[in-house]
Structures are given as structure tokens and as C-alpha cells.
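Chemist: Taken in sequence, the protein lines are chains Y and G. Take 1 as the starting number for the first sequence in this note's numbering and just add one per residue. Take 1 as the starting number for the second sequence in this note's numbering and just add one per residue.
These aren't lab readings, by the way, just hints derived from the structure by calculation. Please read these numbers as outputs of a predicted model, since none were measured by experiment. Just so it is clear, CB atoms sit at the ideal spot from N, CA and C, and this is done for glycine as well. Among the clues, some could well be false.
[What the hints assert, rightly or not] Which chain G residues stay away from chain Y? Per the calculated CB distances, all over 10 Å, these:
1) Leu8
2) Glu26
3) Asp70
4) Gly73
5) Gln148
6) Lys306
7) Arg316
8) Thr318
9) Pro322
10) Glu325
11) Asp342
12) Pro358
13) Arg365
[Said to hold, decoys possible] Subject to a maximum C-alpha distance of 20 Å in a straight line, what follows is the list of computed DMTMM-like cross-link-like pairs (lysine to aspartate or glutamate):
14) G:Lys106 with Y:Glu461
15) G:Lys106 with G:Asp131
16) G:Lys89 with Y:Glu461
17) G:Lys29 with G:Glu62
18) G:Lys348 with G:Glu325
19) G:Lys306 with G:Asp351
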Amino acid sequence: MAGLVRLVWRLGPWGIGFCLLLIAFVYWPFFTLIAGAFKSTPFGDGSFTLSGFRTVFGSAATYRAFGVSALYSSLVLICSIAIGLGFAFATARSSARAVRFLVPAMVLIAAIPRLFFAVSWGMIGAPRSGLIASLFRTFGHDMPDWLTIYSFGGLVWVTVLKVSAVAYLLLLGPVLQIDRSLEDAAVMSGVSRRRAVLRISLPLLTPALVAVAMLMFVEGIQVYDFPALLAAPAGIETLSTAVEAYLSKEATPQWASATALSLVVVLMITLLLLVQARLVGGRDFTSIVGKSRQAAAAEPSRFDWAVSLAIALFLTLALVLPLTQMVIGSLQPYFGMYGTYTLANYQAIFADARQVMILLNTLAMSMVGGLIVIAIAFVMAYVDTRTTLGGLRLFVRVASWVPATAPGIVLSLAFVWTFVSTPGLRALYGSNILMAIALVVAHLPLAIRACEGILAQVSQELEDAARMSAAPPATVMLAITARLCTPSLAAAWVLVSLAIAGALDVPLLLQSTNSQTVATYAYSLFSNGEVAQAAAFFLSYITLFLLTVAGLYFSTRFYAALRNQRRIAVAGC
Amino acid sequence: MLSPNNTLADPSIRISALSKSYGTTEILKGINLEVAAGTYLCLLGPSGCGKTTLLRCIAGLEHPSSGQLDLQGRPMFHEKMPVPVPAEKRGLGMVFQHYALWPHMKVFDNIAFPMRQKRASAAAIETRVSDLADLIGLRPLLDRFPSQLSGGQQQRVALARALCIEPSILLLDEPLSNLDSGLRNQLRRELRNIHDRLGMTSVMVTHDQTEAMALADMVAVLHQGVVVQYGPPAEVLFNPATRYVAGFVGYDNMPEGIVTDLADGRVTLDLDGARVNVQASGRFAIGERLAIGLRSRDVSLTGTPKGNHIAATVSRVTRLGPSLEIEITAAGRPLLVSQSADGTPAPKARDHLFLQLPDIAPLLR
Chain Y
1 MAGLVRLVWR LGPWGIGFCL LLIAFVYWPF FTLIAGAFKS TPFGDGSFTL
51 SGFRTVFGSA ATYRAFGVSA LYSSLVLICS IAIGLGFAFA TARSSARAVR
101 FLVPAMVLIA AIPRLFFAVS WGMIGAPRSG LIASLFRTFG HDMPDWLTIY
151 SFGGLVWVTV LKVSAVAYLL LLGPVLQIDR SLEDAAVMSG VSRRRAVLRI
201 SLPLLTPALV AVAMLMFVEG IQVYDFPALL AAPAGIETLS TAVEAYLSKE
251 ATPQWASATA LSLVVVLMIT LLLLVQARLV GGRDFTSIVG KSRQAAAAEP
301 SRFDWAVSLA IALFLTLALV LPLTQMVIGS LQPYFGMYGT YTLANYQAIF
351 ADARQVMILL NTLAMSMVGG LIVIAIAFVM AYVDTRTTLG GLRLFVRVAS
401 WVPATAPGIV LSLAFVWTFV STPGLRALYG SNILMAIALV VAHLPLAIRA
451 CEGILAQVSQ ELEDAARMSA APPATVMLAI TARLCTPSLA AAWVLVSLAI
501 AGALDVPLLL QSTNSQTVAT YAYSLFSNGE VAQAAAFFLS YITLFLLTVA
551 GLYFSTRFYA ALRNQRRIAV AGC
Chain G
1 MLSPNNTLAD PSIRISALSK SYGTTEILKG INLEVAAGTY LCLLGPSGCG
51 KTTLLRCIAG LEHPSSGQLD LQGRPMFHEK MPVPVPAEKR GLGMVFQHYA
101 LWPHMKVFDN IAFPMRQKRA SAAAIETRVS DLADLIGLRP LLDRFPSQLS
151 GGQQQRVALA RALCIEPSIL LLDEPLSNLD SGLRNQLRRE LRNIHDRLGM
201 TSVMVTHDQT EAMALADMVA VLHQGVVVQY GPPAEVLFNP ATRYVAGFVG
251 YDNMPEGIVT DLADGRVTLD LDGARVNVQA SGRFAIGERL AIGLRSRDVS
301 LTGTPKGNHI AATVSRVTRL GPSLEIEITA AGRPLLVSQS ADGTPAPKAR
351 DHLFLQLPDI APLLR
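Can you build the whole structure from these sequences, using the hints too?
Modeler: Put into C-alpha cells, the structure is as follows:
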């Protein structure tokens, strides 16, 4: 009891408010989800039932979805780590000219929303009207059926293209960190360079590889947009689309079954994350990424052309082709009509007040939501690394991982349960605010991991110096640490905002007709066959987003220049 | 022996039975220290001895596990306190090893930061910062960013920032260790000057014994979380309390012997047959086993014996810049002699000579 009093005393009103916020929006939805798995419906008086679990465990579809998800995740993780690791080594070691494009291109691929890829590759590989099909036609053939993107193979292919960039960015730090002298020592002991890489450097990378592999696997189980767009039309269900299928594909929504399956998935991912934490000794892979040493200059090799070719091929498939297809597709009057181009799709968007509202609403929601995500994530990461209160650290750390255990679709289900069953909050159901809250919580884990890396760059001594200068803790955090992290935090904000706008799974259950987002609207266009409009809509949003970011960037630059000028004027007089 | 015998009436810093552990590792084991106001105290010891932890406990950046800490008569930490006084409310100044200047603020803003926390008026800040700039010689640098300054300049800014709110206690965590030797000597003199002019209590952590001896009024030598000696520099230097302290302040030979005779503050020892008679302070008993602290540069080799001496055989001679390091065997054990390399002919290996000992030497238990 005395301990609790002491804790409350040290937290202060702000600390307590923050903890309550986490309890309400991070912990509470998960409790309602667990409770919900034993209820028939969130609406009205649901009765206690085990029918959800009975249906889920009694249905062959569940096991099939499990098998598909496991196979899909494994294939994606193996391929993407192989590609990501290969390109990371190329960046660190190769003198090939194309290497310099890797980092910016990979950041771009990782930042572009998945839905964009799914839509774009859905167009490229579509059976009759796609780019590939039209290529076949120009040579007087029909595209063979097995080449269609709407298949398990197509699903894996598109996912690997996108996820390899993420694997690359996560592995680049550890690869650059490898101490070359260890490898050199092996070479001087009479081993070839290639064997030294295999025998010395790869084992050194094991913790990073295991951590990234686990993350990829979990990501594979959670991902919704790729399977929903590319596999579901072919009748293939993964775990995350299966949850959604219980709610939308049955005559009446099967809340108990959907929630029970969600709970199973959450438990599975929790287990995987615990195993990961155990395997890497509780170390997050970001802690392996640190300040990179100046790498030794790469030696020209006779395989440089092959490295360049591989990079060119990958970037064409993962970046140039999807972007080109998106632009071409948005200019076609009807998808698949090559040769005639028109701006009619764009004109239609901007002539329709409702579509313009969706664009602007999403822009506002993703920008403000992104800002809130970064603010909360920064505070959580800060508390996690700096607090001396063990209980508080545990509370925050668990809160930082809890949303990571839920696929977006499950998270949105948890929020449905919470908002419908909590009196007072029910009024928010179907509103933009509810959707924004869910989107913020869904993107917290990613942002917290990013903030941990950013915080690691600020020396503790700078904060100690501020405390010794009589600055209270909040001032230390805001005036020193946050201020020093501002450029990195701003970059993280842009990425998180883009991810929020592109998230399809979280808003799916929470939207109503007047609270659609760009992602859900583009998805509905796409699944209704209005593919050209979907492309135009998506591109309009990205353009709007980039213009806003550029506008913000230049106005802050202008303001900074103005302020400097004023200072000089003051100093002069 | 470990703390001054008579407790001070009104100490600036009073530390009693202070301990600190991380998990099962004990870093500080019951530290007792009283520091009079206006003292320049050096916490001296090798890395890992706990001196920085002790300083951070005084600062409030870390809190002890047990014990008590009072600053200026105000309790800062004791076990029954619900919450120790946090660092920002202790009113101390601190200089860090790596300067810790905020890179996004100009020199002026760095120095003014502590005053701004106290909501001082702009005019008062302006006056104070410009006074400090004159005191420390920073005036032309006020409008620059820290990254545009040299290491010495940065440490001066850090010092000005620490002095900004006129703290009654200034803490310095190895402030000179990042500077090259010329600059270090200059800044060392300035530190002492400023301390004398402003009259505060200063506590400095260092591992460099010459720095401690040159600066401090009092030196506390730490070893494995314990204060092994606390006294003025001369006492630590000429009368080290333990063999560990003696080794740390430069006694590189400590041959052991047995006390055979005591008379008028002089002690006679038997070093495996060789008799040595030195003046030493402290109480000893006949038959006790003691080591004589001998600095290699305070002993010399001669061809003819006079006064205190032992027969010695040269085993190796090494030239170290302007001096010779001579390894000898005397009284059955290896010893080191350091000798200037100018003029006098250098001894050669297997020469039989006499090791001349000083008349006064510390005896160590």
C-alpha cells in the first residue's frame, strides 16, 4: 500500500493521466476482446457462449487458414531475408555503381502503403486486362492461367517484393556493424573471403537475423491487405482474412467466432514474440543497430555488373513497375484499355464533394493521428529507457507490445467490443474519432521501436546536465531530448502518417458511410472493378500528402530563416 | 583514520554510511565523508572504484540504496524519506566529462539555461552571463554553437553553465580528462582560481593523482567502494594509509620487512638480513611485518655505501626518454630505480652497487 502511495506521489497528475490513457485505450480493448470471445454479440445483451470456440475449432477452414498463413509467412520470411541480406551485404561491400540507389529506393518501397502495392500488382498481373496479359497479347498469345497474380504464388511474390525492403533496412545496420577485422583475421588464417563471411560474419549476425525473421513471420500472420486483395478472390483464406470472413461473408455476422479466432491468433503471436525475446536475450534488434563505423572502401570486383543487374531488376519490379502501372492505370478510361489516355478519372474525383471530403478527412486524420502516435510513442520510449520506477517501466513496456500482438483486423474488432460495450463511449461508434483512436493504437508499436532507436542517439549526459541546471523532468524531456530528436521524429511522423492513411484492416470494421478513409474507399472501388478510378484516387491522395509535407517543410524552413534574421538584427543593435 | 577525528560543526557535505548497489553488485560500501564549506575535494581512484557513482549520488542523478546525505545542512537522502530530493531541486552546479553542451543551443543559451529555469529576468540573465563570460574568457564566443568550439572552449562553457546559478557546491566529473596536456594544466589553474575567487565547495572526480594533488585541499581515495584514505594531499602523498593508496600515488617499490627496533620516531626493519632505518609516523610494534614505500625516483644507486643502504645487483637497464629505468635485485627481491640519464655513467647489467634509501619513508601494513 505504501509502495502504491509512493508510486502515485512520484508519478504526479500528468504521469497518472498518461497511465490511465494507456489503460483505457491499450489494455482495456484487449480485456474486452478476451471477454467478448465468450459472448454472442457486442450489441445488446449478449449471452455467455462457447459456440465461438466450438465453431472455430470444429471448422476445417480454420486449420486450412492456419496452414496457409504459416506457409505464407515462412515463404515470405525466407525469401525477404535472403534478398534483404544480400542487398545489405552489397551495400556494405560492393563497389557496384547501382548500390548507391539502394537506401533511398528501399526507404521508398518500405514507406509506400501495402495497399498501393496490392492494387498496382493486382493491375499488372490481372488475368485478361493486366500489363503482363497485354504483353502476351502483343505477341499473339494468351497469358497462361498459372501466371495470374490472384493466387497463392502471386500473394507471396507481391509480399516478398514489399517486405524485402523492410528486411533490408532492418538488416543494414547490423551488417554495417560487423567488425571487418574479425573477418580479416579469418582470411589471414588461410580461409577464403567467401568462407569467412559464412563462417564468421553470418554467425555474428544470428541475433539480428533471428529477431528480423520473427518479426517477418509475425508480420506475415498479421498482414491483411495483400491476402484480401490478391488471395481472397481466388478463395484462399489466411488467418486475418478468415476473421473478417466470419463477420462479412456469413448471413449474420458471427461475432463470437470472429472474436474466438482473433483470440487464438493473439495468443499465437504473443507466444512468438515471447520466443523472440527469449532467443535474442531480451535485446531488441534495434539495440544491435548503432553508430556505424566508417566502412573500408569496397574493392572493385568482376561480379559488380551482376550486383548492379540484380539491384536494377529488383528496383524495377518493386518500385518502377508498380508506380508506372499506377500512373498508366489511372489515366486509362477503363482498366485494360491501353493506348487511350484521359484525365477523366481525376476530374471525376475532384468534381465529387464526397470523394474530396474523404481525401481531406484522411489527410487530416493521418497527419494529426501520426503526430499523436509519435508523441505518445516518444513518451513511452522515453519512460521505458529513463525511469527508475520498475513497475512503471513494466507497465509501459507491456503496453508497447500489446497492440503488436493483434493484426489490424483483430484490433478493430477489439475496439468494436470496447466502444459498443462501454457506456458513454458508445456514442463514438462509427465516428472518425473512434477510427482515429484505433489507428493511433495500431501504429504505436512500430513508432515506439523507431523512437527507441532515435532516443539511443541522445547522450544521457545531455539530460543530466539539464537536470543539474534545475530543469524539471518535463523540461528535460521536451526542451533537450525531444528538441534534439526533432528531425528524426519528423521523419518518423511522415512515415507513420503514410502508414495510417494506407491502413485497410483497422478502419474496415470501424467505418461507417460517413467515416471512410482513402484506403477503404480505394479498396471498395477496386473490388467493385473500378480499378482505374481506384488508381487515380490513390495517386491523388499520395500527391496531396506529398504536397502537404513539402508545404510544412518549407514553411518551417522559412520560419527558421526568419527567426535567425531577427536574432541577427537584435544582435546588431 | 578514514574520516577526520573531530566532526565538523557545519559541513557543506555530510555523507554517512552511504551504500549503493545495482542488483547484487555493491558499488559503494558505507561511505562516510564530511566536507567543510569552501573545500576543494578530489575523489581519487582508478576506474570502477565507485567515485563517479558517489558524485552522481551527491548530484541526485542516482540515489543511494541506504545511508544519509546532507548538503548545506539540508537532508537530501535518507532511507525514511518517501522521495529523495531530485537533482533539479538541489541547487548544485555540475561539469561533465564530455562537456554535455546542448548542440541545438548557442553558447549564450547554454549558459543562461539554469537561470531561465529559475524564471530570472532577461536583464539579470544578460548581466550574469556576461559576467561569467568575462570570468572565464568566453566573451567572443557567446553567439556560436558548441560544435564550433574547441574542446577547451567547450569545457569552459560547461563550467560557466555550472556556475550560472552561483551554486554553493560545484561538482566536476573528470572535467579535464578529455583535454590535451597543455590545455589541461592551464584549465586546472583556472579551476583553482575560480574556486578561490567564488568560495564555493568543489567536489571533483579524477583518476589522475597529480591533478588531485595539484588542485585539492582534501583528497578522498576510493578503492572498491570504500574511502581508504581521506586527508590533505600532502598526507596522502607522504603518508599513504594502505599499500593500495601508496601504489596509487606512485610508490612503485614496497619491499617487506620485520620491525626489529623502535626509537624516537625511527623504525629499524630487517629486510631478509639487510638492516634499514627510516623515520616514519604511526604506531608500530616490534615483530610486525611492514612494507617500506619507496618511489623509484627517490632511491639511487651508488658505488660506495653511506647511511641507509642495501647491496644490490643490476639486472637490466632500459632507457625511457630522458631517464633510465634500472631493474635491480636487492635483499632478495626485484626493485626499480629511476635515474636521470644525463652526465653520470649508466650502470650495466650484473654491476654490484648499493641502493641508497631516503631517510624518511612511509611504512605500510
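Chemist: Indicate, hint by hint, whether the structure satisfies it.
Modeler: Now for the hints, and whether the structure bears them out:
no., hint, in the structure
1, Leu8, "25 Å, holds"
2, Glu26, "18 Å, holds"
3, Asp70, "19 Å, holds"
4, Gly73, "20 Å, holds"
5, Gln148, "15 Å, holds"
6, Lys306, "56 Å, holds"
7, Arg316, "34 Å, holds"
8, Thr318, "31 Å, holds"
9, Pro322, "36 Å, holds"
10, Glu325, "33 Å, holds"
11, Asp342, "43 Å, holds"
12, Pro358, "44 Å, holds"
13, Arg365, "40 Å, holds"
14, G:Lys106 with Y:Glu461, "18 Å, holds"
15, G:Lys106 with G:Asp131, "17 Å, holds"
16, G:Lys89 with Y:Glu461, "18 Å, holds"
17, G:Lys29 with G:Glu62, "15 Å, holds"
18, G:Lys348 with G:Glu325, "12 Å, holds"
19, G:Lys306 with G:Asp351, "18 Å, holds"
No hint from the list above goes unmet by this structure.
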